[in-house]
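Participant: Use these hints to put chain B onto chain A, whose structure you have.
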Amino acid sequence: MIAVTALVWVGDCHFAHERPGSVAADAELVKAGRTVVVADLNQARAVLLAVGAPEQTIEYRLLRARQRVERGLCD
Amino acid sequence: MSAVIERVGPEEYRISCGWSPVNAVCRALHDGRASALWGVGEAIGRAALFGRPTSFRGRDVDTFSLSPRAAIPYPREHNVSDVDAHDDESYLTVGLADIDPRILHASQWGLRHDALFHYLHRPYEATGELFDNSRDVCNDWPVVFGDVRSPLRMIWQGHHRSTAALIMGRSVRGRLVRGQLRAGVRR
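Protein chains in written order, with the working numbering: chain A, 39 to 113; chain B, -4 to 182.
Okay, chain A solo, but in the shape it has when bound (with noise of 0.2 angstroms):
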């Protein structure tokens, strides 16, 4: 259970959510301001461009939670 931004999760999340599964009705539900559960991280990353985040900003966000991940935590 890992929050890529405030908005885009990975694998669970304890807000209330939403699971549309394609990275474009994904995106839709974020730009609206949903949060939604992804698959894993290169779905958020697709997920992420879609709603137009800067590719760096988007590297460093799944990088900061991959290390969560390798560290045991969650969000």
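In case anyone wonders, no lab produced these hints; they're calculated from the structure.
Certain hints may be false.
Stated by the list, open to error - Computed far set for chain B versus chain A, every beta-carbon distance over 10 angstroms:
{"id": "1", "residue": "R2"}
{"id": "2", "residue": "C12"}
{"id": "3", "residue": "N18"}
{"id": "4", "residue": "E37"}
{"id": "5", "residue": "P48"}
{"id": "6", "residue": "D55"}
{"id": "7", "residue": "E72"}
{"id": "8", "residue": "D77"}
{"id": "9", "residue": "T88"}
{"id": "10", "residue": "A110"}
{"id": "11", "residue": "N128"}
{"id": "12", "residue": "R130"}
{"id": "13", "residue": "W136"}
{"id": "14", "residue": "P146"}
{"id": "15", "residue": "G174"}
Unchecked claim - Partial list, derived from the structure: chain A residues whose beta carbon lies under 10 angstroms from chain B:
{"id": "16", "residue": "L45"}
{"id": "17", "residue": "R57"}
{"id": "18", "residue": "L111"}
All C-beta atoms, glycine included, are put in the ideal place defined by N, C-alpha and C.
Facilitator: Just chain B now, with coordinates in the frame of chain A:
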């Protein structure tokens, strides 16, 4: 329709709703009520915090400038050094929570207009894009200190993100770190 700020000259602006609603927020902020900014929208929020009247029509403000800096709207009675550093949770181990920005206190004095403008116009919650790109782990998320012995909720990181959330009428998703103030610090 929400208010908009229109540029009418070099460093001079006018707000579409007139100055009365801005003035109402300014008076509340002067009385220490940051919650008056809740959901007012970006134009009234920016005008109330950073607007400085430059011309009047009758008794009403007609145009204003936008100062690059302004005082933070939140009460500021403590700073980070008032927290007992040996007794609080590590912010890295704390999960995320949705925090009400209306009840927060600040640990810094001021706000920058350009930074607040960034969070009002860029979808930070979606993209994670910070105004300050120094990429420090302690700034990845808003961090709020919660005193276990009082209702105090003090912003450690994310003063601009919290103020933007307040202005837009939404909660702040960040880390609520519980601990206590140092012995002898007045609550």
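Participant: Against each hint, give a clear statement of whether it holds in the structure.
Facilitator: Hints, one by one, checked against the model:
1. R2: holds, 25 angstroms
2. C12: With a cut-off of 10 angstroms, B:C12 remains clear of chain A, as the shortest Cβ separation is near 24 angstroms.
3. N18: holds, 30 angstroms
4. E37: holds, 15 angstroms
5. P48: At roughly 34 angstroms from the nearest Cβ of chain A, B:P48 sits farther out than 10 angstroms, so the non-interface label holds.
6. D55: Since the minimum Cβ distance to chain A is about 35 angstroms, B:D55 lies beyond 10 angstroms and the statement holds.
7. E72: Correct as stated: the minimum Cβ-Cβ distance to chain A is 28 angstroms, above 10 angstroms.
8. D77: B:D77 clear of chain A: closest Cβ-Cβ about 27 angstroms, beyond 10 angstroms.
9. T88: violated, 6 angstroms
10. A110: holds, 16 angstroms
11. N128: Incorrect as stated: the minimum Cβ-Cβ distance to chain A is 8 angstroms, not above 10 angstroms.
12. R130: violated, 6 angstroms
13. W136: violated, 8 angstroms
14. P146: holds, 23 angstroms
15. G174: holds, 18 angstroms
16. L45: Result: holds, 5 angstroms to nearest chain B Cβ.
17. R57: This hint is violated: A:R57 lies away from chain B, its Cβ roughly 17 angstroms from the closest one there, beyond 10 angstroms.
18. L111: Nearest chain B Cβ about 6 angstroms off; hint holds.
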